[in-house]
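Start from the sequences and build out the full structure, keeping to the hints where you can.
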Amino acid sequence: MEVSVMGLGCMSLTASAYGPAKPEQDMIKIIHHAVKTGITHLDTSDCYGPHANEILIGKALKGLERGSVQLATKFGIKSLVDCEVCGDPEYVRACCEASLKRLDVDYIDLYYVHRVDSRVPIEITMRELKKLVEEGKIKYIGLSEASPSTIRRAHSVHPITAVQLEWSLWTRDHEEEVIPTCRELGIGIVPSLPLGGGFLALGPKLVEGMLDEDLRKYNPRLQGENLEHNKILFEQIQKIAEKKGCTMSQLAMAWLLDVQEYIYVLHYMYTK
1 MEVSVMGLGC
11 MSLTASAYGP
21 AKPEQDMIKI
31 IHHAVKTGIT
41 HLDTSDCYGP
51 HANEILIGKA
61 LKGLERGSVQ
71 LATKFGIKSL
81 VDCEVCGDPE
91 YVRACCEASL
101 KRLDVDYIDL
111 YYVHRVDSRV
121 PIEITMRELK
131 KLVEEGKIKY
141 IGLSEASPST
151 IRRAHSVHPI
161 TAVQLEWSLW
171 TRDHEEEVIP
181 TCRELGIGIV
191 PSLPLGGGFL
201 ALGPKLVEGM
211 LDEDLRKYNP
221 RLQGENLEHN
231 KILFEQIQKI
241 AEKKGCTMSQ
251 LAMAWLLDVQ
261 EYIYVLHYMY
271 TK
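Note that this note's numbering has the sequence shown beginning at 1, numbered continuously upward.
Don't take each hint at face value.
Here are the simulated lysine-lysine pairs, DSS-like style, with alpha carbons at most 30 Å apart [as the list claims (entries may be wrong)]:
#: 1; residue 1: K131; residue 2: K78
#: 2; residue 1: K205; residue 2: K29
#: 3; residue 1: K205; residue 2: K78
#: 4; residue 1: K62; residue 2: K78
#: 5; residue 1: K36; residue 2: K139
#: 6; residue 1: K130; residue 2: K101
#: 7; residue 1: K231; residue 2: K243
#: 8; residue 1: K22; residue 2: K205
With beta-carbon atoms standing in for the labels, derived distance ranges [said to hold, decoys possible]:
#: 9; residue 1: G67; residue 2: V5; range: 14 to 20 Å
#: 10; residue 1: S79; residue 2: E242; range: 41 to 47 Å
#: 11; residue 1: K205; residue 2: E128; range: 44 to 50 Å
#: 12; residue 1: K244; residue 2: S79; range: 41 to 47 Å
Because the hints were derived from the structure by calculation, they are not lab data.
Here a beta-carbon is modelled for each residue, glycine too, at the ideal position from N, C-alpha and C.
Structure (structure tokens):
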């Protein structure tokens, strides 16, 4: 699977944890602008909206050549409210069929297990995904926020093309085990939240401008003593950016692109 080194994470283009929905036509213009500037990888999920995000992407694709973009979506989160996940074979297939219909496409390029169901052995989930590959409904399989052991077990059933995880200058937990596992197995890495949900771009100012419905406002990392500690980290990174003559966002993106091969960074956009 070949994609641009940067992809467009589409979650924020509809109502999401970041706030209310924006005008649909404006969001479609953002998608078209991204593709025109060289981005070929669009990322969504059936739980964004829920469903509204996939429908939006489907509408945006009407103005694009299908072969010009690599489309990624996800399944597995039944409810964001109580964090219910499901990896049953019947659910896997039902979700895929529903996503194909909402996106109005014949196939999905990259289909992620959004969250792994601890009740269902990953091998069982993977076997159903393998069938979907054989049927031509999906081309490649990915995992999101999976442990090293889960990645290995899944990869033994069918090759895993990509693992999506939160990774940035601000979040580096996965560097101890998950990243080395992916490197060993030749699995692509798709970092989400490369700007730390906006913190690496705006720092403490991010909190000041948040709406009440923006769930980042309640992130423990952005509250109390944690926020004070992170202000210091932000200032240290800011000094490096100033020394390099670039913005914080540019520095954060450049760092990710430099630290690992087989990496494709997902960036979330609100405006052109």
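Here is how each hint holds up against the structure:
1. K131 / K78: holds (22 Å)
2. K205 / K29: Roughly 27 Å between the alpha carbons, so the hint for K205 and K29 holds.
3. K205 / K78: violated (34 Å)
4. K62 / K78: holds (28 Å)
5. K36 / K139: holds (24 Å)
6. K130 / K101: holds (20 Å)
7. K231 / K243: It holds: about 18 Å lies between the C-alpha atoms, which stays within 30 Å.
8. K22 / K205: Given pair K22, K205 holds - Cα atoms ~22 Å apart, limit 30 Å.
9. G67 / V5: 14 to 20 Å: holds (19 Å)
10. S79 / E242: 41 to 47 Å: Once the Cβ atoms are compared, 44 Å apart, the range 41 to 47 Å for E242 and S79 holds.
11. K205 / E128: 44 to 50 Å: holds (45 Å)
12. K244 / S79: 41 to 47 Å: holds (43 Å)
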